[in-house]
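Chains U and A are the protein sequences, given in the same order. Adding 10 to a residue's 1-based position in the first sequence gives its number in the working numbering. Adding 10 to a residue's 1-based position in the second sequence gives its number in the working numbering.
Mixed in with the good hints there might be a few duds.
As the list makes no split between identical chains, a pair holds if one copy fits it or if it spans any two.
Claimed, not checked - Keeping only pairs whose Cα atoms sit at most 27 Å apart, straight-line, the calculated BS3-like set for lysine-lysine is:
(1) Lys124 / Lys112
(2) Lys140 / Lys112
(3) Lys38 / Lys87
(4) Lys38 / Lys124
(5) Lys140 / Lys87
(6) Lys87 / Lys124
(7) Lys124 / Lys81
To be clear, the hints were calculated from the coordinates, so they are not data collected in a lab.
There are 2 protein chains.
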Amino acid sequence: MTFILDPRLENDSVFICDLPLSQVRLSKNSAFPWLLLIPRQNDIVEIFDLSVADQGVLLNEMRVAAAVLKKLFTPKKLNVANLGNVVPQLHVHVIARFEEDKAWPGPVWNSGVKEYYADDELNEITAKIKKELTA
Amino acid sequence: MTFILDPRLENDSVFICDLPLSQVRLSKNSAFPWLLLIPRQNDIVEIFDLSVADQGVLLNEMRVAAAVLKKLFTPKKLNVANLGNVVPQLHVHVIARFEEDKAWPGPVWNSGVKEYYADDELNEITAKIKKELTA
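Please build the complete structure, drawing on both the sequences and the hints.
In structure tokens, the structure reads:
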């Protein structure tokens with residue numbers, strides 16, 4: 011079965027790599043180092059709609075994503091969340107947060123803070139993250 | 011070692027029960043059925059600061075909490091998150107969301123939406139949730 015990515019997720023983020031369960035993408039919002047993990051299964055909305063085994067795989071992949079953000083960016087705090095009120099397709103946010111970021115200490119969603127990577131920045135950061143995720 | 015609960019978490023929520031790893035509490039904000047899972051270990055900030063085994067236990071407890079909210083409240087969506095930008099002590103939010111709730115589709119944090127349970131309502135809802143969590 012072909013995995014179908016919600017066009018809003020596709021539009022708001024760029025592909026980094028596939029892990030065993032999830033597609034990993036980087037949010038185009040450069041105000042925060044912000045990964046999305048999207049299990050490549052159709053019609054899954056909640057983490058708990060996955061099989062229990064796949065929930066464990068997702069947790070592993072969240073741990074890997076978190077470790078990569080910690081290593082590359084040394085954040086003050088990680089924000090890890092599945093909301094999905096707007097886009098129901100299951101996607102887990104793993105976000106590096108800093109006391110200096112423009113939404114701190116509030117959440118990033120609905121913060122109104124939106125910045126953009128230059129093309130070469132985007133290429134550089136996705137390559138760096140991909141290298142760590144697949145190391 | 012005595013488990014020390016952050017006074018801000020204690021003040022914003024009421025005790026429901028202890029699961030094997032986490033203390034489960036209900037947010038006093040009645041605008042949303044909103045559980046907090048707080049692993050009873052001191053000096054833990056990130057989910058990934060827990061041992062890998064305890065991360066699995068936490069995932070189980072999140073699944074149980076989510077199932078209880080689904081059964082009791084039939085939400086449109088669950089919001090599951092660890093932010094901790096304000097209160098670093100690890101606490102995972104498991105929140106039942108509805109298209110009719112006052113923050114939908116935005117996140118509940120920083121939404122400005124705050125309502126209060128009457129005492130008898132609070133007793134009733136905590137008893138109902140406790141019964142399901144410990145069934």
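Results for each hint:
Taking identical chains as interchangeable, the C-alpha atoms of Lys124 and Lys112 lie at most 27 Å apart whether they share a chain (9 Å) or sit on different chains (24 Å). Taking the closest pair of Cα atoms, Lys140 and Lys112 come within 27 Å of each other only inside a single copy of the chain (26 Å); across copies the shortest separation is 39 Å, beyond that limit. With identical chains, the CA atoms of Lys38 and Lys87 are at most 27 Å apart both within one copy (20 Å) and between copies (25 Å). In this assembly of identical chains, Lys38 and Lys124 lie within 27 Å of each other by CA distance solely inside one copy; the values are 9 Å within and 32 Å between copies.
In this assembly of identical chains, the alpha carbons of Lys140 and Lys87 lie at most 27 Å apart only when taken from the same copy (21 Å versus 31 Å across copies). With identical chains, the CA atoms of Lys87 and Lys124 are at most 27 Å apart both within one copy (19 Å) and between copies (25 Å). Taking the shortest Cα distances, Lys124 and Lys81 sit within 27 Å of each other inside one copy (24 Å), while across copies they are farther apart (37 Å).
Violation of the numbered hints given earlier is absent; every hint is satisfied by the structure.
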